[in-house]
Amino acid sequence: MNFQGQHRDDVASAEPVEDAKRGDAGKMSFSRNRFAWIGTAASIVLVAVSLGVLWKLVQSVSWAEVTDALHNASARQLGLAFLFVGISYIFLTGYDALALRQLRIKVPYRITALASFTSYAVSFTLGFPLLTAGTIRYWIYARQGLSASKIAALTVIAGFTFWLGMGVVLGLSLIIEAGQLAGLAFTSIRLNQGVGFAALLAVLGYLAWVSAKRRSVTVKQWRLELPGASVSIGQMIVGIGDVCAAAAVLYVLLPQQTGIAFTTFLAIYVLAAMLGIASNAPGGIGVFEATILLALSSLPRNEVLTSLLLFRGCYYVVPFVVALAMLGLYEIVKRAGGARDREERSPVPPEGTAGPSGKPWPDQREG
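1042 is the number of the first residue of the sequence shown in our numbering; add one for each residue after it.
One or more hints might be untrue.
[What the hints assert, rightly or not] Computed beta-carbon distance windows for the label pairs:
1. 1245 x 1372: 43 to 51 Å
2. 1189 x 1142: 17 to 25 Å
3. 1245 x 1302: 20 to 28 Å
4. 1120 x 1298: 13 to 21 Å
5. 1250 x 1124: 46 to 54 Å
6. 1298 x 1172: 36 to 44 Å
[Said to hold, decoys possible] With a straight-line cut-off of 20 Å between C-alpha atoms, the simulated SDA-like cross-links for lysine to any residue are:
7. 1191 x 1175
8. 1375 x 1363
9. 1147 x 1158
10. 1147 x 1190
11. 1191 x 1152
12. 1147 x 1335
In short, the hints are calculated from the structure, not lab data.
Please read these numbers as outputs of a predicted model, since none were measured by experiment.
Ideal Cβ positions, reconstructed from N, Cα and C, are used throughout, including at glycine.
Put together the whole structure using the sequences plus the hints.
Right, here's the structure in full:
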C-alpha cells in the first residue's frame, strides 16, 4: 500500500465521464430522485422536533436571567473565545489549501485564505453552502484562472477534510469518555465505545482504501479523483484542529466549574454539529442548541443558553460581518487595479497632439 499517496498522474480533477456511461448514470439519477423527498422530509421533521424541544427548554428561562448571565461573562472568557475562533478559521483555510494541493493548482495563500474564510463565514450564517460558499469561491478563484469544475472539485475535497476530522474526534472522545457520556446522554458505555470504534474504523478503512490505488468518485457527469493517503492524513489533522478549536469556543463560554472534561464535551459538540448539518438549517440553528441543552441539562439552563448565544455571536455573527467587509474591500481593490491596468494599456496619443497642459505630447519613441 502506498502511504505516500503519490500515484501515477496524481492529479485530482473533475472530468466528464464517457458518453457510454451516461445512460446508466441517468437511470441511477432518476432512481435517486424518486426518493429525494425522504431526505427533505427527514430534515423538516428534525428541525421541527428540535425547535419544539428548544422552545420547551427555554420556557423555564427568563430574559432577565439571560441578560444577567451575559453581563457576568468575563473578559477572559470572551478573549479566549475569540482566540479559538481565529484558530478555527485558520484551520478552515487549510481545507482549501489541501484541496488546491491535490488539484495541483498554485494559488497565493492570501487568496486561498480570503476565499476560504469568507465562503465559510457567509455560508455558516446564511446556510445553503452549495449556493453561498460556491458563489463566493467562484467569484474569487475564477479570477485566478480556475474553472467551475475545478472549484466544484475543490469544494468536494474540502468536504472530505471536514468529515475525516469529525470522524476521528467523535471516535476518540466516545472511547475515552464513554462512562461520563453514558451518564449525560442516558446511553450505555459499551454502546458509546462501539460507536467510537466504528467511527475510527471507518476513517482507517477510508485511508487504506485510498492508499491501495487511485480512487475516484462520480457526481453526475463529473469524475473526481480522491486524494491519496498523505493528503488524506493532512486533511484529517486539519479537520481535527478545526473541530477542536470550534468546540473550545463554546467550552470556554460555558459556566465555570462545569465539571465536564473537554474530551467529553467534544463528543457532545460533534454530535450536536452533525445533527445541525443533517437538519440543513443555517448553522444548524435550533437543532444544535437543543442538543447541547439536553446534553448539559445538569448545568444551569439560563447560563448554558447564554453561552450558546455568545457562541453564535463570536463564531458566526462577527466573522460574517468581517467577511462582508473583506469581500467589499477585495472588490474595491480589484476594480481599482483593473482601472489602472486599462489606463496603462491605453494607446499613446500621436505626436503633436495637445496634452493636459496644452503642450504637445513628447515623442515616446525617442530615447
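Do the hints match the structure? See the list:
Checked against the hint of 43 to 51 Å, the pair residue 1245 and residue 1372 passes, with Cβ atoms roughly 44 Å apart. Look at residue 1189 against residue 1142: about 20 Å separates their beta carbons, and that is inside 17 to 25 Å. Range check, residue 1245 to residue 1302: about 25 Å between beta-carbon atoms, so the 20 to 28 Å window is met. Between residue 1120 and residue 1298 the beta carbons are some 19 Å apart, a value that agrees with the proposed interval 13 to 21 Å.
For residue 1250 and residue 1124, the Cβ-Cβ distance of about 37 Å falls outside the hinted range of 46 to 54 Å, so the restraint is violated. Between residue 1298 and residue 1172 the beta carbons are some 43 Å apart, a value that agrees with the proposed interval 36 to 44 Å. Of the pairs offered as hints, the one joining residue 1191 and residue 1175 holds, with about 11 Å between alpha carbons and a cut-off of 20 Å not exceeded. For the proposed pair residue 1375 and residue 1363, the alpha carbon gap of about 18 Å is at most 20 Å, so the pair holds.
Between residue 1147 and residue 1158 the alpha-carbon distance is near 18 Å, which keeps this suggested pair within the 20 Å criterion. Among the hinted pairs, residue 1147 with residue 1190 is consistent with the structure: their alpha-carbon atoms are about 16 Å apart, no more than 20 Å. Taking the CA atoms of residue 1191 and residue 1152, the gap is near 16 Å; set against the 20 Å cutoff, the hint holds. For the proposed pair residue 1147 and residue 1335, the alpha carbon gap of about 46 Å is over 20 Å, so the pair is violated.
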